[in-house]
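Q: Residue numbers (numbering that gives the first Met the number 0), protein chains in the order written: chain A, 0 to 145; chain B, 0 to 394.
By construction, these hints were calculated from the structure, which means they are not laboratory data. Where is the CB? At the ideal position from N, CA and C, for every residue including glycine. Watch out, some of these pointers could steer you wrong.
Below, simulated DSBU-like cross-link-like pairs (lysine-lysine); rule was C-alpha separation at most 30 Å, straight line [stated by the list, open to error]:
{"id": "1", "chain 1": "B", "residue 1": "Lys31", "chain 2": "A", "residue 2": "Lys83"}
{"id": "2", "chain 1": "A", "residue 1": "Lys83", "chain 2": "B", "residue 2": "Lys21"}
{"id": "3", "chain 1": "B", "residue 1": "Lys21", "chain 2": "B", "residue 2": "Lys31"}
{"id": "4", "chain 1": "B", "residue 1": "Lys197", "chain 2": "B", "residue 2": "Lys21"}
If you want the footprint, here are the derived chain B segments under chain A, 3+ residues with CB under 8 Å [claimed, not checked]:
{"id": "5", "segment": "138 to 152"}
{"id": "6", "segment": "156 to 166"}
{"id": "7", "segment": "249 to 256"}
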Amino acid sequence: MSYLSPGLPAPVAARDGLDAPFWDGLANDKLLLQRCQSCERWQWGAEWVCHRCRSFDLTFEETEATGIIYSHQRVWHPVHPALKEHGPFVIVLVELPHADNVRLVGNLIGDPHQSLDIGAPVTGVFEHHLDNDPVFTLLQWAVGSS
Amino acid sequence: MSSRTLRGQVAVAGVGQTEYYKWGQAPDPEFKLAIQAILNACDDAGISPTEIDGFSSYSNDRSEASRMSAALGIDDLRLAVMQWGGGGGGAAAAVANAAGAIATGQAECVVVFRALAQGQFGRFGQGPRRTTISGSAAHTVPYGLMSPAQMFAMRVTRFMHEHGVRQEALRAISLASYHHAQNNPVATMHGNPLTEEKYDSSRWITEPFHLYDCCQENDGAAAIILVPAERAADFSHRPCYVLGAVAGSHHRAAAGVHNDAHYATSTFETVAPRLYDMAKVTPGDVDVVQSYENFTGGVMMALVEHGFCTPDQVNDFFTFDNLVTPNGDFPLNTSGGNLAEAYMHGLGLTIEAIRQIRGTSTNQVRRDGVDVSMMIAGPMVTPVSSCIFGSEASL
Numbered sequence: 000m001s002y003l004s005p006g007l008p009a010p011v012a013a014r015d016g017l018d019a020p021f022w023d024g025l026a027n028d029k030l031l032l033q034r035c036q037s038c039e040r041w042q043w044g045a046e047w048v049c050h051r052c053r054s055f056d057l058t059f060e061e062t063e064a065t066g067i068i069y070s071h072q073r074v075w076h077p078v079h080p081a082l083k084e085h086g087p088f089v090i091v092l093v094e095l096p097h098a099d100n101v102r103l104v105g106n107l108i109g110d111p112h113q114s115l116d117i118g119a120p121v122t123g124v125f126e127h128h129l130d131n132d133p134v135f136t137l138l139q140w141a142v143g144s145s
Numbered sequence: 000m001s002s003r004t005l006r007g008q009v010a011v012a013g014v015g016q017t018e019y020y021k022w023g024q025a026p027d028p029e030f031k032l033a034i035q036a037i038l039n040a041c042d043d044a045g046i047s048p049t050e051i052d053g054f055s056s057y058s059n060d061r062s063e064a065s066r067m068s069a070a071l072g073i074d075d076l077r078l079a080v081m082q083w084g085g086g087g088g089g090a091a092a093a094v095a096n097a098a099g100a101i102a103t104g105q106a107e108c109v110v111v112f113r114a115l116a117q118g119q120f121g122r123f124g125q126g127p128r129r130t131t132i133s134g135s136a137a138h139t140v141p142y143g144l145m146s147p148a149q150m151f152a153m154r155v156t157r158f159m160h161e162h163g164v165r166q167e168a169l170r171a172i173s174l175a176s177y178h179h180a181q182n183n184p185v186a187t188m189h190g191n192p193l194t195e196e197k198y199d200s201s202r203w204i205t206e207p208f209h210l211y212d213c214c215q216e217n218d219g220a221a222a223i224i225l226v227p228a229e230r231a232a233d234f235s236h237r238p239c240y241v242l243g244a245v246a247g248s249h250h251r252a253a254a255g256v257h258n259d260a261h262y263a264t265s266t267f268e269t270v271a272p273r274l275y276d277m278a279k280v281t282p283g284d285v286d287v288v289q290s291y292e293n294f295t296g297g298v299m300m301a302l303v304e305h306g307f308c309t310p311d312q313v314n315d316f317f318t319f320d321n322l323v324t325p326n327g328d329f330p331l332n333t334s335g336g337n338l339a340e341a342y343m344h345g346l347g348l349t350i351e352a353i354r355q356i357r358g359t360s361t362n363q364v365r366r367d368g369v370d371v372s373m374m375i376a377g378p379m380v381t382p383v384s385s386c387i388f389g390s391e392a393s394l
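Chain A with its partners taken away, still in its complex shape (with noise of 0.2 Å):
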């Protein structure tokens, strides 16, 4: 069961393979995300260079899927055909503070009416479309602590 209706673009990696270990890690029920192996520090979104150090020694690690909402929004308009009959979703951002603070955009799961509180702790859950073709799979939040 995915939380918005099907019929949304399916996220495929990136042609030149900039991001594909995320997408890869996703399937597998795993986060993946940057890391400088030169200053060990943390970045998002994927880039063929660290931010910092300008080191090209970047690898994809694993790290904890969870973290805080820093921001979030509750989506009335219909944006895309496949929403329409969909009523409202929410969206948030997530802030990873165990992963240098950086940010992961989800839907909230739950009730669409539930409050938002920014700094709330939540939780990933892996939401895979295997009906799909191409098959993937979402990085989705749920409000608490694992």
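Following the hints, complete the assembly by docking chain B onto the known chain A.
A: The following block gives chain B in isolation, referenced to the frame of chain A:
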């Protein structure tokens, strides 16, 4: 202090616009609209179109400079400049780029223009129609985040959370634009006023944006002709100079997947101080401001970053009474702006800033024209830009 500046080096020769239409309703193709706006600006300046030797635009305008040069029969094209970046962030940058070229002798008569016909091309407020998506957008679109309103809503929510801003502050911005449009006969919302009740009961697009917090989508075109300052007095209107025009963005403003460290901003934190430095004015010297409303929340943050109030003064500053002519202390978006005049990606706001210097606005702040008039372009995108026009007395 560097002597390299645009201050006082360039003047406005003429401004022009087409009729403004609801999106998809322009009777003419986009390129023809662009020509009409440019020819109207030539009429306003009293010059021949063959005097134009440069074109400056932004947001990947489709009316390409070489085709325009051929269409208008221009003999000696010298400048064809496009500012990178989407949305209206480049509206003042296009002025800066044109002025820079003139100040350095690269061109003599440059037209800044923008044309939009969304019936002919795509709309802005809808997401992509495709089965897969890759790149940065792959990390947002599958979660239903794909429209401009959604791209910026969480910045505004974060700012409102940090500073205790109430919805009424956003509402006041919208009410002021609609109020001013009622005196502007060319405004698309002329005759269609907005009330507090109408705003409050309007549907949410995405929280914290009601319908009336979001710009329209319109068809039309607008143009501004710039020339060296020595020619400022050659035209029939009150002389209007560029005091400053700057563009840019702060450290990693474009970091992917909403990772901008200065998230709760409109991208003007480093840009606005440079504008004031160049123009040699302070916020208190500014007589009137046109501030691009893609979404009201962007206007709020942009005015904070330009120093007109602190974040903690927002609830008191953004009131309808304060923002409207003739009695408000801070008249804002006096043509109706993007919300209620027309969405010309900000060029309409730039023209209104010039009208305020000339004394020809339909909501004129000072009867014979103001001395210092600011335009702020495309908050929350990157790069953004802003500019200040001045009268002879301001130099």
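Q: Are at least 3 residues of the segment 156 to 166 of chain B within less than 8 Å of chain A when you compare beta carbons?
A: holds (count 3)
Q: Is the straight-line distance between the alpha-carbon of B:Lys31 and that of A:Lys83 30 Å or less?
A: 35 Å, violated
Q: With a Cβ-Cβ cutoff of 8 Å, does the segment 138 to 152 of chain B contain at least three residues near chain A?
A: Since three or more residues must qualify, the claim that chain A covers the segment 138 to 152 of chain B holds, with 12 doing so at under 8 Å.
Q: Would you check chain A against the segment 249 to 256 of chain B, counting CB to CB pairs closer than 8 Å, and say if three or more residues qualify?
A: holds (count 4)
Q: Holds or violated: B:Lys197 with B:Lys21, Cα cutoff 30 Å?
A: 20 Å, holds
Q: Is the Cα-Cα distance between B:Lys21 and B:Lys31 30 Å or less?
A: 17 Å, holds
Q: Are the Cα positions of A:Lys83 and B:Lys21 separated by 30 Å at most?
A: 23 Å, holds
When each numbered hint is compared with the structure, a violation occurs for hint 1 only.
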